[in-house]
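Engineer: The task is simple: from the sequences and hints, build the whole structure.
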Amino acid sequence: MNKSGLLLRLAISISFAAVFVGFISSQVFFKLAYQHNQDKTQENIEQLYDVVAPTANIAAYLGDQELAREVINGLKNSQSIIAASFESELFSLHSDNFLAEHEKQTEFIVTSPFSSSEKLGKVIVQHNLAYIEKDSKDAASFLSNSLLVQAFVVTIIAIFIAFYFITKPILIIARSLHSLNPGTARRLKKPTFHDKSELGNLVEDINLLLEKAEEQLSQERMLRSEIEVLEKRFRLLFENSVAPIILMEPRGNILLTNKAFKSLLERIEQPIKKNYGPILSELFETPELLTRSVNSAFLNDEIAIGEHRLKFKEEDKTIWLQVVVSSIVTDDLKSYYQITLNDVSKKRDELDKLSRRADYDALTNMTNRHAAEKKIDQFIKEKTPFIFVLMDLNGFKQVNDIYGHDAGDEVLIFVANQLKQLTPSESIACRWGGDEFVLVLKDMSKRDFEALAEQLTTRIVKPYTLITHQANVRVGLCMGAAIYPYDSSHKPELIHLADKAMYAIKPESKQKGGRTLAFASPIESKEHKYD
Amino acid sequence: MKKLIILFTLLNICSFASYAIAKPISVIVNAENSTESLTKKQLIDLYMGRFVAFPDNQTAQPLDTLTPEDLRALFYKRLVNMQLSRVNAYWSRVRFTGRASPPEQHQNEQTVLDFITNNPNAIGYVFSESLTQENKRGVKVIMELYE
Chain A
1 MNKSGLLLRL AISISFAAVF VGFISSQVFF KLAYQHNQDK TQENIEQLYD VVAPTANIAA
61 YLGDQELARE VINGLKNSQS IIAASFESEL FSLHSDNFLA EHEKQTEFIV TSPFSSSEKL
121 GKVIVQHNLA YIEKDSKDAA SFLSNSLLVQ AFVVTIIAIF IAFYFITKPI LIIARSLHSL
181 NPGTARRLKK PTFHDKSELG NLVEDINLLL EKAEEQLSQE RMLRSEIEVL EKRFRLLFEN
241 SVAPIILMEP RGNILLTNKA FKSLLERIEQ PIKKNYGPIL SELFETPELL TRSVNSAFLN
301 DEIAIGEHRL KFKEEDKTIW LQVVVSSIVT DDLKSYYQIT LNDVSKKRDE LDKLSRRADY
361 DALTNMTNRH AAEKKIDQFI KEKTPFIFVL MDLNGFKQVN DIYGHDAGDE VLIFVANQLK
421 QLTPSESIAC RWGGDEFVLV LKDMSKRDFE ALAEQLTTRI VKPYTLITHQ ANVRVGLCMG
481 AAIYPYDSSH KPELIHLADK AMYAIKPESK QKGGRTLAFA SPIESKEHKY D
Chain B
1 MKKLIILFTL LNICSFASYA IAKPISVIVN AENSTESLTK KQLIDLYMGR FVAFPDNQTA
61 QPLDTLTPED LRALFYKRLV NMQLSRVNAY WSRVRFTGRA SPPEQHQNEQ TVLDFITNNP
121 NAIGYVFSES LTQENKRGVK VIMELYE
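Going down the list, the protein sequences come from chains A and B. Just so you know, we're using the working numbering here: the first sequence kicks off at 1 and counts up by one. Just so you know, we're using the working numbering here: the second sequence kicks off at 1 and counts up by one.
Derived from the structure by calculation, the hints contain no laboratory data. Beta carbons are placed, not taken as given, at the ideal position from N, Cα and C, and that holds for glycine. Just so you know, nobody snuck in bad clues.
Here are the simulated lysine-lysine pairs, DSSO-like style, with alpha carbons at most 30 Å apart:
(1) A:122 with B:40
(2) A:122 with B:77
(3) B:41 with A:122
(4) B:41 with A:119
(5) B:40 with A:119
(6) A:262 with A:334
(7) A:420 with A:375
(8) A:462 with A:420
(9) A:462 with A:506
(10) A:119 with B:77
Computed beta-carbon distance windows for the label pairs:
(11) B:41 with A:124: 23 to 31 Å
(12) B:96 with A:46: 23 to 31 Å
(13) B:69 with A:32: 55 to 63 Å
(14) B:133 with A:90: 38 to 46 Å
Selected chain A positions facing chain B (in silico; Cβ < 10 Å):
(15) 54
(16) 58
(17) 61
(18) 62
(19) 63
(20) 66
(21) 67
Structural biologist: Printed below as a string of structure tokens:
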């Protein structure tokens, strides 16, 4: 049986109450019974004395001790009386156990049988208190015993009733409730005879609750499944993001990262750690710059966006990352940083390439006309002396026509390589456009240039084997040069002079062994108005 | 006034009637007895067996008179205000211990008178009206009991 079960509790409570009530009532009853018995004894004794009074009167009247003894014995025969004495003018008698002092005694006046006003002595009757007490106790204990029996019977009946009308139905309800899963359509059944009782109401309430629970659970299930789908998508988004995403505490403790971040770490061969300093600053080459820019952005309530170089390189290639840091404050006022990294190295490379393309010729990978002109402007600005050489290929058009553009390109690249190789470092070799090239030779003497030109001619005019066509081709060249500031100090004029000189020599250059280089004539140039 | 006279007359008749029933009883002793008178208490003590002696300590012998029938009953009624049955009960109790004995019983007033005349210690009682000049020559009345 369950130690704190209802039945046991009920039984114990009733038993305790019964014992308590029994004890108290037996105590009270004893007091009452004692008092009652005393009163009754007093009455008994008085009645008894009434019976013996004539004899006592006669005994006192005649001084008859025998008769007096009769009286005493007669009184003593009563259970209520423990001792008695008879005192008269003529004699004094008392029973053996008569005490001088007694708690309870009654005195009767003995008179003459013929004159009730004539007092002849007295009879003292001592009450049997022990008997009274015993009698009272017996009565009280009988009462308490019967109360005990009654309590026992009542307890048994109460337990029986409680079991069949309360505990058993509750147990049945509890058992079916225990085996019941909330959220299902199952409901509790009312116990028999409890359709309208409190237990019936309880079952109704439970069923109502179950119904609500079912509704809520189904709603929650729907919500949960929606959330699960959403979560899956978010996870997909997060995990498969190409950009590394990191969630961290402001102090730098990383809470969440995605695969992309891990692969980034692998790329730069860094161990996976819990903390890389605030905003991953340990990973970057300029941590102060990073933190400063982030802090200033946060001060302006903006999302911090910046491009920063990683401290570590991948195969000697610098990695540029766009760092996007946003501060998140949760409902419970906790602050987090969400960091998204974007690899912008490629973009950077492309930008580099773009700026290159602006200055270089894509095919020959040599400075283009734009860049060359910029350089010339710079030289003129610095007043650095140079020789401007304009060069045109002979026979290039034929190669193009016979072998196609590929072959032409190949020839152009070949020529460009010769020019690049022979041009001093400070000077510029440039593809001017089509099959025209320009050399801007810084600080070069006329003689040195002539040697260079000869060397160039030798190299370029020798037969060249086309890789694409396995055929030997031969191109010629002619050059026109103008010297700054000797010939002119204006760029357009220099170009014009060189161009004129080149076209002057062109026919000669096409012949075998003919000159390929001509210098501009300053006098001519002065006569000529250029635009 | 007439009514009042009738009432008084009726009252007188009544008192006369009771007087007629309540014949006085004379307590008598031998003429030579030195006792001249007794208190009622002394007479009770004598007749109920407490002190069976005269005031001068002379032993007394009380006598009961059985006839006329109502004499004894009247005597005890007047003496101790008891019915005869109760007097008998008293004696039956006392006789049990043998300490006292009831008065000697005599058949009639004449035998009582004769006994007292011949016995100086005796004491008895008769209706006062029964005493004549002749029969009260040897006795003397020491007390009269009325209703």
